[in-house]
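Visitor: These protein sequences, in sequence, are chains E and W. Its first residue numbered 1, the first sequence is counted upward by one per residue in the working numbering. Its first residue numbered 114, the second sequence is counted upward by one per residue in the working numbering.
Hints may be right or wrong, so weigh each one.
[Said to hold, decoys possible] Derived pair list, reagent style DSS-like, types lysine-lysine, alpha-carbon separation capped at 30 Å:
| no. | chain 1 | residue 1 | chain 2 | residue 2 |
| --- | --- | --- | --- | --- |
| 1 | E | Lys83 | E | Lys57 |
| 2 | E | Lys83 | E | Lys9 |
| 3 | E | Lys14 | E | Lys83 |
| 4 | W | Lys226 | E | Lys71 |
| 5 | W | Lys162 | E | Lys71 |
| 6 | W | Lys162 | E | Lys14 |
| 7 | W | Lys214 | E | Lys57 |
| 8 | E | Lys57 | E | Lys14 |
| 9 | W | Lys214 | E | Lys70 |
| 10 | E | Lys57 | W | Lys174 |
| 11 | W | Lys174 | E | Lys83 |
| 12 | W | Lys162 | W | Lys174 |
| 13 | E | Lys71 | E | Lys57 |
| 14 | E | Lys57 | E | Lys9 |
| 15 | W | Lys162 | W | Lys226 |
| 16 | E | Lys71 | W | Lys181 |
| 17 | W | Lys181 | W | Lys214 |
| 18 | W | Lys181 | E | Lys9 |
Since the hints were made in silico from the structure, they are not lab data.
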Amino acid sequence: DGGITQSPKYLFRKEGQNVTLSCEQNLNHDAMYWYRQDPGQGLRLIYYSQIVNDFQKGDIAEGYSVSREKKESFPLTVTSAQKNPTAFYLCASSQPGLDHEQFFGPGTRLTVL
Amino acid sequence: AQSVTQPDIHITVSEGASLELRCNYSYGATPYLFWYVQSPGQGLQLLLKYFSGDTLVQGIKGFEAEFKRSQSSFNLRKPSVHWSDAAEYFCAVGADTGGFKTIFGAGTRLFVKA
């Protein structure tokens, strides 16, 4: 079955610690995305990558970092510089030429204690 | 710049009643338009999409949407709602501006009463 996996589903972190969220896809998609979801605000784009070894900042990149060393993987690091990291994080992928439909993972809920 | 407005934060309908969720977008050219659905604590699933052709688009789960360029709208409809349709619905607009980006609306939460 093709799809996107995110792990862990729930993540707790102490203030001041960095944490990395995993996102893996086996859809052979070139593009991958990270979104942050807060109640009443929809999805906001953190980072996106159109191709391996390349990525761009989205609308709310401050306090986050990413890497794209492999086509199937796009991990997101939430750093201690992110002032309000508690949120639901969604990873997605898409393939240009397929109408830009995005396929989403199940999400990771991060709580900072 | 692209933007999406979903005027209704939440809507309650009776099971079996019809449904219309509103979506207005802002973009200079014809955009890619999407409706996604999200169950609590889950990822998003595509219901339907439009980028050209027939302005009435059919999707999964009995949903449809109509693109109206003159009103910059892409409203989602379903003739008869089922209790399992209770979820959050997101309208989104995408455009290729040197890299494809999708902007999501704030979402409309649908409650279904028996």
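Visitor: If a hint holds in the structure, say so; if it does not, say that too.
Guide: The hints, checked one at a time:
Taking the CA atoms of Lys83/E and Lys57/E, the gap is about 17 Å. The hint holds against a cut of 30 Å. Restraint check for Lys83/E and Lys9/E: satisfied, since their Cα atoms lie roughly 21 Å apart, inside the 30 Å limit. Pair hint Lys14/E plus Lys83/E holds up; C-alpha atoms about 13 Å apart against a cutoff of 30 Å. Of the pairs offered as hints, the one joining Lys226/W and Lys71/E is violated, with about 44 Å between alpha carbons and a cut-off of 30 Å exceeded.
Distance check on the hinted pair: Lys162/W and Lys71/E sit about 26 Å apart at the alpha-carbon level, within 30 Å; holds. The hinted pair formed by Lys162/W and Lys14/E fails the criterion: a straight-line CA distance of about 41 Å is larger than 30 Å. Taken as a hint, the Lys214/W and Lys57/E pair is honoured in the structure, with Cα atoms around 11 Å apart against an allowance of 30 Å. For the suggested pair Lys57/E and Lys14/E, the alpha carbons sit about 25 Å apart, so the restraint of at most 30 Å is met.
Distance restraint check for Lys214/W and Lys70/E: the Cα-Cα separation of roughly 21 Å lies within the 30 Å cut-off, and the hinted pair is therefore satisfied. Between Lys57/E and Lys174/W, the direct Cα distance comes to roughly 35 Å. Violation of the 30 Å bound is thereby established for this hinted pair. Restraint check: the Cα-Cα separation between Lys174/W and Lys83/E comes to about 40 Å, which exceeds 30 Å; the hinted pair is violated. Distance hint between Lys162/W and Lys174/W is fulfilled; the C-alpha atoms sit about 14 Å from each other, no more than 30 Å.
In summary, the hint linking Lys71/E to Lys57/E is supported, as the alpha carbons are separated by about 18 Å, within the 30 Å threshold. Annotation: proposed proximity of Lys57/E to Lys9/E holds, straight-line Cα distance about 24 Å (limit 30 Å). Restraint check: the Cα-Cα separation between Lys162/W and Lys226/W comes to about 28 Å, which is no more than 30 Å; the hinted pair holds. Restraint check: the Cα-Cα separation between Lys71/E and Lys181/W comes to about 37 Å, which exceeds 30 Å; the hinted pair is violated.
For the hint pairing Lys181/W with Lys214/W, the CA-to-CA distance comes to about 22 Å; that is within 30 Å, so the pair holds. This hinted pair does not check out: Lys181/W and Lys9/E have alpha carbons roughly 39 Å apart, beyond 30 Å.
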